[in-house]
Amino acid sequence: MATTPKPGARAASLRRRRIFSSLTVNGILALICLLWTLPTIGLLVSSFRTREDIATSGWWTVLPHREWVQTEEQAIPDDLDRTQAMTINGVTATFEEFRSGVTTDDGKKLVWVGNRRTGVMQIQEQQWDTKANFNLKNYENVLTGKEYTVVSADGSARNEQGDDMSGAFLNSLVVTVPATLIPILIAAFAAYGFAWMRFRGRKVMFAMVVALLVVPLQVALIPILRDYTSLGINGTFLAVWLAHTGFGLPLATYLLYNYISQLPRDILESAFIDGASPFTIFTRLVLPLSVPALASFAIFQFLWVWNDYLIALIFLGGQQNAQVLTMRLAEIVGSRGQDWHLLTAGAFITMLLPLVVFFSLQRFFVRGLMAGSVKG
Amino acid sequence: MKTTTEVNIPGSTTSSEVSLPRMLVGLVILGITGVVFWLGFRFLRDSTAPQLITALIAIIWGVGGVAALFTGANMLVESFSGDWQRRIQPYVFVGPAVAMLSWFLFIPTLRTLWQSFFDASSTRFVGLDNYVATFTDRQMLLSFRNNLIWLVIGTGACVVLGLLIAVLADRSKFETLAKALIFMPMAISFVGAGVIFRFIYAAAPAGEPQIGLLNSIVVGMGGKPQTWLQWSQPWNNMFLIIVLIWMQTGFAMVIFSAALKSVPDDLLEAARIDGATEIDIFLKIIIPYIKGTIITVTTTIAIFTLKIFDVVQVMTGGQFGTDVVATQFFRQFFVSRNFGYGSAIAIVLFIAVLPVMIYNLRQLRNQEAF
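These protein sequence lines are chains A and B, in that order. Counting in the numbering used here, the first sequence runs from 1 upward without gaps. Counting in the numbering used here, the second sequence runs from 1 upward without gaps.
Simulated from the structure, these hints should not be mistaken for laboratory data. No residue lacks a Cβ here, since even glycine has one placed at the ideal position from N, Cα and C. Please note that the accuracy of each hint is not assured.
Quick list of in silico lysine to any residue cross-link-like pairs, SDA-like style, CA-CA up to 25 Å [claimed, not checked]:
| # | chain 1 | residue 1 | chain 2 | residue 2 |
| --- | --- | --- | --- | --- |
| 1 | B | Lys224 | A | Asn135 |
| 2 | A | Lys146 | A | Asn159 |
| 3 | A | Lys146 | A | Asn135 |
| 4 | A | Lys203 | B | Lys261 |
| 5 | A | Lys109 | B | Lys224 |
| 6 | B | Lys261 | B | Glu278 |
| 7 | B | Lys173 | A | Asn135 |
| 8 | A | Lys203 | B | Trp103 |
| 9 | B | Lys284 | A | Val25 |
These stretches of chain A come out as covered by chain B in the derived footprint (C-beta under 8 Å, 3 or more residues) [said to hold, decoys possible]:
| # | stretch |
| --- | --- |
| 10 | 156-168 |
| 11 | 238-246 |
For each label pair, taking beta carbons as the anchor points, the in silico distance ranges come out as [to be verified]:
| # | chain 1 | residue 1 | chain 2 | residue 2 | range |
| --- | --- | --- | --- | --- | --- |
| 12 | A | Gln320 | B | Ser102 | 28 to 38 Å |
| 13 | B | Arg124 | A | Ile41 | 54 to 64 Å |
| 14 | B | Gln230 | A | Ile19 | 39 to 49 Å |
| 15 | A | Arg202 | B | Leu110 | 35 to 45 Å |
| 16 | A | Asn135 | B | Ser102 | 46 to 56 Å |
| 17 | A | Gln320 | B | Leu110 | 26 to 36 Å |
Build out the structure end to end from the sequences listed, making use of the hints.
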């Protein structure tokens, strides 16, 4: 009798357990989200910091933190035997230990600066500090195609060549817009044909579309480069559009077929009966009805082309003034991989438009992902 | 689906003549399109106009040209009598797509296969020599090993983490925000992600301030800074794979998340009433229920890892034992100009995805419409 818990107590314990488990779930999820976002935040914050700050301190130092700051400097008595442990300001340590800093009892730090014979002792104290000096200088320098002047800390000035990211941004746009719209147009016609027309070779042709979905595009690069060379279009935007159109078509056709074949057939039939030609039905009826599918593939293809590196590298390769953003960024990585002030700003410029598209049209993008399986 | 063509096209029984005006209009449109295409092509190839103007012309020329091509071809077809029109029209609709696919994927695959039996300059037939080289060259074997690491660990981690996050998000109050944050890296290029992670892995000599997040943590805990990407092989590959995981987990999560929502609530409720624990429910109900989705996501990411190129190229260039098949291909093709060897490597990649292709085709055959 006495051991049976009251219903109220049981419910309370259940509720407690629910709250606890909801805390764990949300806690772990928040942790993962933080972990996932941190790399991008680091990049973004760094891109606004000054050249010197980036080179000498981590981006997290923009947050208020305790830092050792030098308060005074003192000479080291000449008569000390520097090969053994020494006692300075009441602390006994070897030269090596002083070099890496020794903390005293009153919270100060002694750091030996310079070499064993002529060095001096720095006395540092912990103070609150924040390295939040933000500006747009990195963006200006990486965007411009002209030379700019860099003044070093010691006052000397030198000229550096800008990376012309603004030109590359424009090139990326020129490559991406047609390379997104052309395959959509071609694929929409084909999808309608496959879904609502019967003709010889339909099965074989559609099987080809499906088979080509997963073909790795490496398989196609060498022959296409040869064709382009004989056509004389190597290194032109046209070459890149055609390539992206060809490589994007299997997924585009497949996705749009799935959607267009599901359109209500009585609408299309009544249009036929009213005397509309297939072309009219397609442009006046099927295209407007398929906007969600068209949009989701458009976003997919846009991100794919904008972020592509391999195809641009191969077909635009030698043309310095036709380089797209990914190529330009990769080039900066290769030639000045330690210039983090330029790399962070440059990387963020490449990400800007995709992130805007992504966050504003996420819903469509997700729908497109669901519908399509794999891309070659 | 099956009876679509039985729909009557008006005029198909009555008129049997060719409509001349329409045919003329169609031909004129096609002709103009052709001329404009050619002029635009010449202009764009040799242009020295400001970039923005070239860009705008290029966009209008490219997109408008294709639209005009379709319109003109349709006008032309519609000028024929009903029967002919019905016979030809489908090919106007699917023809351009099929032609492009043939030019850019289907025929190149065959040409690459053919070329893989020839030497570097594609002049002398060498039989299977390139394939023998592919499977005996030390650097190639290393690449295969690395691709296998990518395949197993990269795919595995993306799928497991994606599923875990999808389940957590499903029970959380800030699901939409969490999913958007995890999904976001998908919008970033691999080159950009390469920069982001090179920054995280950046190493300064011991004693100097560490600006790379990872080394700063390691030093903060009393360790020594490491140059992670040159670290003990093959473990340095992990630091590249992390980039893939960061980018592709979001994809897996979004798809799994949708699949989880399709698991019927009463099924889960019934299991709970029967006293099943949450882990039991997850393993014995949810996993079997979304098995198909798990397979699809796994294959998609697996194919992706087989072709992985950008990350490696940007972060290490294939040095320090991080080469993969696609970077090897690129080097043979682009740097060494060894077309035979490059083709053989591409065909090996192709053979690796062949099972998936066959599976997809089988699935297609089972569909009612085909």
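Status of the hints after comparison with the structure:
Straight-line distance between C-alpha atoms of Lys224 (chain B) and Asn135 (chain A) comes to about 33 Å, which puts the hinted pair past the 25 Å bound. For the suggested pair Lys146 (chain A) and Asn159 (chain A), the alpha carbons sit about 10 Å apart, so the restraint of at most 25 Å is met. Restraint check for Lys146 (chain A) and Asn135 (chain A): the C-alpha separation of about 20 Å stays at or below 25 Å, so the hint holds. Pair hint Lys203 (chain A) plus Lys261 (chain B) does not hold up; C-alpha atoms about 34 Å apart against a cutoff of 25 Å.
For the proposed pair Lys109 (chain A) and Lys224 (chain B), the alpha carbon gap of about 21 Å is at most 25 Å, so the pair holds. Our distance criterion of 25 Å between C-alpha atoms is met by Lys261 (chain B) and Glu278 (chain B), whose separation comes to about 16 Å. Of the pairs offered as hints, the one joining Lys173 (chain B) and Asn135 (chain A) is violated, with about 37 Å between alpha carbons and a cut-off of 25 Å exceeded. Simply put, Lys203 (chain A) and Trp103 (chain B) have alpha-carbon atoms about 19 Å apart, close enough for the 25 Å limit, and the pair holds.
Between Lys284 (chain B) and Val25 (chain A) the alpha-carbon distance is near 21 Å, which keeps this suggested pair within the 25 Å criterion. As drawn, the stretch 156-168 of chain A meets chain B at 1 residues by the rule of a beta-carbon pair under 8 Å; below three, the given contact is violated. For the stretch 238-246 of chain A, the stated coverage by chain B is satisfied: 6 residues place a CB nearer than 8 Å to a CB of that chain, which reaches the threshold of 3. Against the hinted window of 28 to 38 Å, the Cβ-Cβ separation of Gln320 (chain A) and Ser102 (chain B) comes to about 33 Å, which satisfies the hint.
Checking the proposed 54 to 64 Å range against Arg124 (chain B) and Ile41 (chain A) shows it holds: the Cβ atoms sit about 56 Å from each other. A hinted range of 39 to 49 Å holds for the C-beta pair Gln230 (chain B) and Ile19 (chain A), which are about 48 Å apart. Between Arg202 (chain A) and Leu110 (chain B) the CB atoms are about 22 Å apart, so this pair departs from the stated range of 35 to 45 Å. For Asn135 (chain A) and Ser102 (chain B), the Cβ-Cβ distance of about 53 Å falls inside the hinted range of 46 to 56 Å, so the restraint holds.
Gln320 (chain A) and Leu110 (chain B) have their C-beta atoms about 35 Å apart, which keeps the hinted 26 to 36 Å range intact.
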